[in-house]
Amino acid sequence: MALRVLIVDDSSIVRAVVKKAISMCGVEVSTLHEAGDGNAALLVLGSHAVDIVFSDLSMPGMDGNTLIARMAEGESTRHIPVVVISAAPNVQTHVKDGSAAGVQAYIRKPFRPEDFRSVLESVLPQVGKVSHAS
Amino acid sequence: MQADPVLDLLRETTPRILEQVAFVFADLTDEAEPFTGDVLEADIDFNGPMVGTLRLTTSAACAANLAASLLGVEADDPAIDKYVSDVLGETLNMLCGAVLLQLFGAVDSTHSGVPFVRARPANDTSVPFEAVSFVTDDGHRIDAGAVWRKRES
Numbered sequence: 001m002a003l004r005v006l007i008v009d010d011s012s013i014v015r016a017v018v019k020k021a022i023s024m025c026g027v028e029v030s031t032l033h034e035a036g037d038g039n040a041a042l043l044v045l046g047s048h049a050v051d052i053v054f055s056d057l058s059m060p061g062m063d064g065n066t067l068i069a070r071m072a073e074g075e076s077t078r079h080i081p082v083v084v085i086s087a088a089p090n091v092q093t094h095v096k097d098g099s100a101a102g103v104q105a106y107i108r109k110p111f112r113p114e115d116f117r118s119v120l121e122s123v124l125p126q127v128g129k130v131s132h133a134s
Numbered sequence: 001m002q003a004d005p006v007l008d009l010l011r012e013t014t015p016r017i018l019e020q021v022a023f024v025f026a027d028l029t030d031e032a033e034p035f036t037g038d039v040l041e042a043d044i045d046f047n048g049p050m051v052g053t054l055r056l057t058t059s060a061a062c063a064a065n066l067a068a069s070l071l072g073v074e075a076d077d078p079a080i081d082k083y084v085s086d087v088l089g090e091t092l093n094m095l096c097g098a099v100l101l102q103l104f105g106a107v108d109s110t111h112s113g114v115p116f117v118r119a120r121p122a123n124d125t126s127v128p129f130e131a132v133s134f135v136t137d138d139g140h141r142i143d144a145g146a147v148w149r150k151r152e153s
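In the order they appear, the protein sequences are chains A and B. Counting along the first sequence from 1, when you hit position 15 you're at 15 in our numbering, and nothing is skipped either side. Counting along the second sequence from 1, when you hit position 137 you're at 137 in our numbering, and nothing is skipped either side.
Hints listed in this document are in silico derivations from the structure and should not be mistaken for laboratory results. Note that this is a predicted model, so its numbers are computed, not measured. Cβ coordinates follow ideal geometry from the N, Cα and C atoms, glycine included. Not one of these hints is a red herring.
Covered, in the sense of this in silico footprint (three residues per stretch, anywhere, with C-beta under 8 Å from a C-beta of chain B), are these stretches of chain A:
hint	segment
1	14–21
2	56–64
3	79–89
Among the chain B residues that face chain A by a calculated CB cut under 7 Å, a handful are:
hint	residue
4	Q20
5	Y83
6	D86
7	N93
8	M94
9	G97
10	L100
11	L101
12	D108
13	T110
Please construct the entire structure, taking both the sequences and the accompanying hints into account.
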């Protein structure tokens with residue numbers, strides 16, 4: 001079954017590179033949504049089914065921490081795993097604090113495509129999707 | 001002259017981040033050629049035990065090379081035009097994260113803002129930032145600078 005992905009980052013080049021990194025993992029993606037901040041992400045989540053969210057933390061408008069908290073409040077979004085992608089030096093603390101709110105893992109910027117492979121391998125079983133990564 | 005810990009970190013961290021982000025290799029130089037053509041300047045604010053701003057300055061041509069390398073396309077690919085200013089801001093964002101991690105460790109009290117990128121004239125010499133200069137292997141100049149102060153307790 002193919003994955004429905006949402007990438008949230010204010011940087012268009014990061015969204016493009018994340019998209020490329022996911023495709024390089026060999027994971028089948030059926031729909032790939034993009035959002036420039038938490039507000040735009042919530043609009044996507046309100047109108048589309050999503051299996052996994054990759055989100056930056058520091059964004060203008062609604063930041064990643066607020067998005068994660070809002071997702072945790074929503075009946076239809078609290079189960080969706082979130083992978084935080086951030087250059088913040090304390091990104092692992094955000095993951096620890098956000099683990100109850102669906103944060104499953106973090107990827108520190110700058111990242112390598114292989115970082116996505118290992119994260120997807122750990123997170124995909126939790127969303128009931130079969131990883132095609134090898 | 002007293003050593004500047006932030007500039008010292010920029011001196012060693014900037015080439016590493018450029019290589020990790022975009023496979024661009026850059027060497028420190030004391031004799032940088034003046035910028036020519038369109039120049040982009042990115043700022044990012046940070047706070048923690050120190051409060052300040054980091055700045056990355058380079059030519060639009062160099063930023064285009066960074067974007068092309070990051071996306072795996074040719075530098076003259078029209079698809080990269082929309083990423084040229086974005087790539088400089090994001091590179092600075094990653095540089096800032098790496099510098100803050102080395103300065104303070106992974107402490108909760110450290111935060112950085114959202115990078116802001118703007119064009120500036122090539123001959124603008126009014127910038128008050130202390131900066132270190134690098135030259136990339138294809139001859140482009142990149143400056144990394146900082147202004148900062150210790151947080152008053």
